[in-house]
Structure formats: structure tokens, C-alpha cells
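Visitor: Residue-level listing of the chains:
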Amino acid sequence: MSGFSFFAAGIMVYIAVLVFVVGMAYQIYGWVKAPRSAVRLGIFPKPKNKGVRFFKLLKDSFIFPHSAESDPWMYTFAILFHFSLAAVLFAHFRMVHEFTPIANALGKEGMEKLGAIAGGTLGIILLVTILFYIFRRFFSPYKDLSVFEDYFIVFLLIVIIGLGDHLRFFAKISASEYRAYFLSVLTFRPFFPEAIAEKGARWVLTMHVFFVNLFVMYFPFSKLTHAIGTFAVNSVRSDV
Amino acid sequence: MENNTMNNTINITPNNTNNTMDEEKTAQREALLEVLKSKINRQLLLYLDVCARCAICRDACHQYKVTKDITYLPAYRAELVRRIYKKNISPAGRIFPKLFEGKEIDDEKLLEELGRSAYACTGCRRCMVYCPFSIDTAWVLSVAKEILNAAGRGNTMLGELADAAIFKGENIDMFKEILQETLKETEDELRGKLNDPSASIPMENTGADFLYVALAGTHTILPAAMIFNKAKISWSLSMFEAANYGYFLGSSKKAKAIAERIVEEAKRLKVKEIIITECGHAYRVMKFLYEAWAKEKLPFKIRGFVELAAEFIKDGRVVLKEKNFPEPVTYHDPCQVGRNAGFYDEPRYIMKRIAADFRDMAPNKERNWCCGGGGGLVAMSELDKFRIQTGRLKAEQIKKTGAKVLVTPCENCRLQMDSLNEAYGLGIEISSVMDFIANNMVI
Numbered sequence: 028m029s030g031f032s033f034f035a036a037g038i039m040v041y042i043a044v045l046v047f048v049v050g051m052a053y054q055i056y057g058w059v060k061a062p063r064s065a066v067r068l069g070i071f072p073k074p075k076n077k078g079v080r081f082f083k084l085l086k087d088s089f090i091f092p093h094s095a096e097s098d099p100w101m102y103t104f105a106i107l108f109h110f111s112l113a114a115v116l117f118a119h120f121r122m123v124h125e126f127t128p129i130a131n132a133l134g135k136e137g138m139e140k141l142g143a144i145a146g147g148t149l150g151i152i153l154l155v156t157i158l159f160y161i162f163r164r165f166f167s168p169y170k171d172l173s174v175f176e177d178y179f180i181v182f183l184l185i186v187i188i189g190l191g192d193h194l195r196f197f198a199k200i201s202a203s204e205y206r207a208y209f210l211s212v213l214t215f216r217p218f219f220p221e222a223i224a225e226k227g228a229r230w231v232l233t234m235h236v237f238f239v240n241l242f243v244m245y246f247p248f249s250k251l252t253h254a255i256g257t258f259a260v261n262s263v264r265s266d267v
Numbered sequence: 027m028e029n030n031t032m033n034n035t036i037n038i039t040p041n042n043t044n045n046t047m048d049e050e051k052t053a054q055r056e057a058l059l060e061v062l063k064s065k066i067n068r069q070l071l072l073y074l075d076v077c078a079r080c081a082i083c084r085d086a087c088h089q090y091k092v093t094k095d096i097t098y099l100p101a102y103r104a105e106l107v108r109r110i111y112k113k114n115i116s117p118a119g120r121i122f123p124k125l126f127e128g129k130e131i132d133d134e135k136l137l138e139e140l141g142r143s144a145y146a147c148t149g150c151r152r153c154m155v156y157c158p159f160s161i162d163t164a165w166v167l168s169v170a171k172e173i174l175n176a177a178g179r180g181n182t183m184l185g186e187l188a189d190a191a192i193f194k195g196e197n198i199d200m201f202k203e204i205l206q207e208t209l210k211e212t213e214d215e216l217r218g219k220l221n222d223p224s225a226s227i228p229m230e231n232t233g234a235d236f237l238y239v240a241l242a243g244t245h246t247i248l249p250a251a252m253i254f255n256k257a258k259i260s261w262s263l264s265m266f267e268a269a270n271y272g273y274f275l276g277s278s279k280k281a282k283a284i285a286e287r288i289v290e291e292a293k294r295l296k297v298k299e300i301i302i303t304e305c306g307h308a309y310r311v312m313k314f315l316y317e318a319w320a321k322e323k324l325p326f327k328i329r330g331f332v333e334l335a336a337e338f339i340k341d342g343r344v345v346l347k348e349k350n351f352p353e354p355v356t357y358h359d360p361c362q363v364g365r366n367a368g369f370y371d372e373p374r375y376i377m378k379r380i381a382a383d384f385r386d387m388a389p390n391k392e393r394n395w396c397c398g399g400g401g402g403l404v405a406m407s408e409l410d411k412f413r414i415q416t417g418r419l420k421a422e423q424i425k426k427t428g429a430k431v432l433v434t435p436c437e438n439c440r441l442q443m444d445s446l447n448e449a450y451g452l453g454i455e456i457s458s459v460m461d462f463i464a465n466n467m468v469i
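Order-wise, the sequence lines are chains A and W. Just remember that the numbering used here sits 27 ahead of the position in the first sequence, which is counted from 1. Just remember that the numbering used here sits 26 ahead of the position in the second sequence, which is counted from 1.
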């Protein structure tokens, strides 16, 4: 690993995780410490019981069906983006451990093929949806509503997704090579295995990780906290 | 900060020397920030932190949908408060205000825009229904109104109406006799209508079961009195009107003072329940807000008149002429009665028993469109044109039902419907639920 790679794809990962954990803990502490509103702010109808309320909370937070009625286009893109993102994040766990049952069932080649098809499709969906996000903000009223932060986050995401897609489509790096790198980070001895270190794509990987680090560090201080805060606010929706 | 929100506004008189001017400006800024800080709670922080500015709320607001003016876009309304929050309170915003367009709390342009946005909002909370994070824009704007009031930018008309109500509470003896005099005439009318010389409109009736809080004028007293007398229950008419302009003004201190008049009366008369007439915001204030403002648990129940009337009908205390009304009738869910208080079924139960042809609007219940006149808009003459313009969606909705009569249990809605009726040539009759019952019950 060269100096910059060692920093961006190594040391910085630890800094990012630390900033995220401390920042998010601070943010959540701020929410929890503030007094609960003495006024109940929910909207009716009231869920019949606690079980129904809990189920409604999950539904409102994960699929927010009411939003589809208000703005079907934005809703469709938002759902596609978020579910693809969740799937992609999950798929990254392959770099910690091979999804053995699937790999056994499909064989080595089959598994690589699945990764290429599923990963490729999701990567394209993410790129298209994030471009829709930014495209939409070029027009009123979204343009007038937007602040710098909105563009900054979308910029980070476009770069992260773009570099991720580049790795998926063009870099000839296998899952086991990624895993070797990823595990080296997890075991606090960051290095690029030879197969990566020799390829030009190591720079793409380095920059991908670098921007992910920025994103993760910025997360607790931004509107990105909606990913966590949504459960708290949607719970208030049913508080009547 | 105790007295800032009550009657004093924070002074912004310019001074001779630059030095004192700066000092005063800083002092005012600090004072306004104290108002904001005093209103911070968990829900507000979350509303300010999690909004993604996706603007899915866009067409949920009738005002934005009709005008396409960003001032009325729910996310933008809250964003104005968020800009103050970012600049002054949020840690990240204080370090990098530019990232969030953070603004000073005394920023003239911002306060002007916030004033227009906040006082135009009807507080219907329809945007909350469609928001993926269920952000309560009206709640954020209630904080905005406290800041505006402290900055001397509260709505003048609403302020005067609120002060008049507080004055009445402090000087009730001045009003008592006039009130009782007026009621004598209404009582005669009541006896004629019911053919019952013993029918009465009791006031100051200690130990009564229900304290009924009506509106100014007799139009919500006579029909209610007919129903109470037919139901043969013990009640007492409140000396105060239910309407709360302090709430519309957005001064929780004034709003509390106005509601407190009724609470004190109820305590003095030792009633079991307060029954709020068909007035949406008055019900919300009493049922959902008062205890939070006063930090006390009320020793009696709060119910709306329609809820009680439905009970009388179910118990057979009031007998309706079933399917007596032949013309098509529709019902408007007032936001503060439906979405914000949960009464969807009771009024429909009554309507369906009386009307032979009941037609629901679409959409209805929690998705119902606001009439466009809530939030005190019908009392602000400067917004007359605006509320009629933005009531277009409601007018279209009514037209589609083909109904000849529209029944709704909220005075604000009824006044707005009158305007819409005229402006859009709807040719309908507008009625309260109590009038609809009184005209269609077995005497």
C-alpha cells in the first residue's frame, strides 16, 4: 500500500468508524436528553393496540405507503434507492465471509455470476436513482428548498456509487481478493493483497473507500440521521 | 423569558450610538434565542434533524398545491425554522452554517417570510399524513409563532381578539348581566321550539354533570339547549366562548389564559365534564394542549358536543326521525375533529341515521382536504382572498358529491364554507351537526 492508500483505505477507516460512533451517540444522546413533548403529537386513527402500533411503526418507517399517494415518482425512486442500498450493503458482507450456502449451491462460477448480475443490477439502479435525486433538485420548488448539504450528500453518493460500479464492471478483482483486503482492515493490519496491489483498479478501490469514509464521518451531523431518527418520528405519528 | 411571550415584545428601538445599537441587537437576538430554546423538546429536535427536504409533502398542502408558492410548501415552512436552529443550536450547523444556510434569528428577511408562512398555515396537519418521517410542520410553526410574537411580529388582529378574550375573563362581572339578558330571549325561543315551558338554559349551575362551552352568539346555544333539554340531563352553559385566538396567535401563554377561564369555571361549578361545542381548535386546545401548558391533570373529562350527542342518540335519550332528510347530504371532516382528534365515526353515525342520501367526500377522514379557513384564517381579513383561492380544492370536492347540504362540526370550517359557497357558486346549505339533529329529532 502506498502512503495515500494506506491512509484512505486503512487508517481513515478507523477514524471514520470512530467519528460515526461518537457522533451518532452524541446525536442520539441529544434527542434522548431533550424532554419529551408534553403534547401528544400523533394523528388519528389510533392503532388498536401496542402490537398494531409496532407493526405500523415498521410499515411507516420502512415503506411509508402514504408517501406514494402524494408523490408516486419520488416515492418509487426513493424506495428503489433505499432498498437497493440496503441490499448492496448486505452484499458487502460477502467480504467478511462468503455466503457459503449460496456458494455451495451455485458453485464458484455460479456465485461469481450471481454477484455480477445482482451486484450489477443494483449498482445501476443506485446510479440511476441517485441521478434522479440530483436532477430533481435542479427544478423548482426543490431547487429553492435545497441547501448546500443536499448537494454535498448526493455528490458523495454519486462518487461512491460510480466508483463502486466501476469496480463491479471493469476491475478484475475477485471476491476473495476483496475479502483479503477487508479482513486485513478488520484485523487492524490494512494491506492490499498482491492481486489488488498490482492492478490500476487499486486506485478506484482506494477512492471508493475514501469517499465512503467521508460519508460515514459526515453522517451523524447531517440529515442522513433520518435513517435512524425515522423510527423515533414515525413512532410519534401513532402517539395519540 | 416568562413575560416576553405574554404582553411585552422584545424591544427593537434604535438608539443613537452604534455601540448601544449593537448591544441592543445582541440582547434582542439572545432573547429571541431563549424563546426558541424554551420550546425545544425531543420531537422538535427530531423534526428539525431528520427532514430530508424531499418535498414529498408538496401536494399534501392545499395552499402549495393551489398557489405553487414555495412559502407554503410544508418542508420549506419548517426549513425556515431549521435555518435558525442550524445557525444557533445544532453543533454541526454552528461550525459550518453555510452548509445548511444557517440564519440569525433576527434576520429581517427570514422573519418576514416566516411570518407570512406561519400565519397562513391552517394547522390542518395534512402534510404530516404524507411525510415519510411524519413531520408535524404545524408543530414546528407553533414554535415559529412564539418567536414571531416575541419579535413583535405576531398577527395584530389575532392578538387583539386574544386580548379581548383575556379581558373578558378578568372582568366577567361586567359581562354577566348582558349575557343573562340575551339568554332570556333564547330561552323563550327554546320553550316555543320544544313546546315545553319548563325548558331552560341554566348558567352557574353548580354540581351539573356537563359544562357546555358554546361560541359567541346564540347559534350554538339554541340547538344544543334543545338537545340537552330533550336528553333531560343536568348541564350548565359556560359564560365563556370556546374560540381561542391565543392559540391561532401562537402564544401558548395567552392561549392558556383563555382556556383557563373555562377550566376555572368548571372547577368552581364542580362539573363532571366539559363539553366543547362544534369548534375544532377549541376542542384540540382543551383536550390535547391545555394539560401540557398548565402542567396539571384536569379533574374532569373533555368531550366534544358531537361525541355526547351520539351517546344521547344511542341511549335513546334523543330520538331521531330516521331517514327524515331526503336531499343528498355530505359531511366535512374538520381537521381538528378528524385527523387531529379521531372523531370520524360519531358524526357519520348521526348523519346516516337522519339523511336518506348520505354521500362521503373523497378523500375523507385523515386524508380529507382542509377547508382552507382554519388556523384563524377566517379572522384575518388580509388573508380573505388567499383562503378563498386556496379553498378551491375543497370547493371541487364538495361539488363532486352533488350534495345539497354540507354538515360539519366546526365553526371555522362553516365560515369558510360560506365563503366558498358564494365564491364558487356551490349552491349548498351549510349546517352544524347540532342544527341537523335539532331539526330532525322527535320533539
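Hints in this document: simulated from the structure, not taken from any laboratory. Honestly, I wouldn't trust all of these hints.
Here are the computed lysine-lysine pairs in the DSS-like style, where the Cα-Cα straight-line distance is at most 25 Å [claimed, not checked]: (1) W:Lys258 with W:Lys349; (2) W:Lys349 with A:Lys170; (3) A:Lys60 with W:Lys321.
Visitor: Against each hint, give a clear statement of whether it holds in the structure.
Guide: To see whether the hints hold, each was checked on the structure:
no.	hint	in the structure
1	W:Lys258 with W:Lys349	holds (24 Å)
2	W:Lys349 with A:Lys170	violated (54 Å)
3	A:Lys60 with W:Lys321	holds (20 Å)
The earlier numbered hint that this structure contradicts is number 2, and it is the only one.
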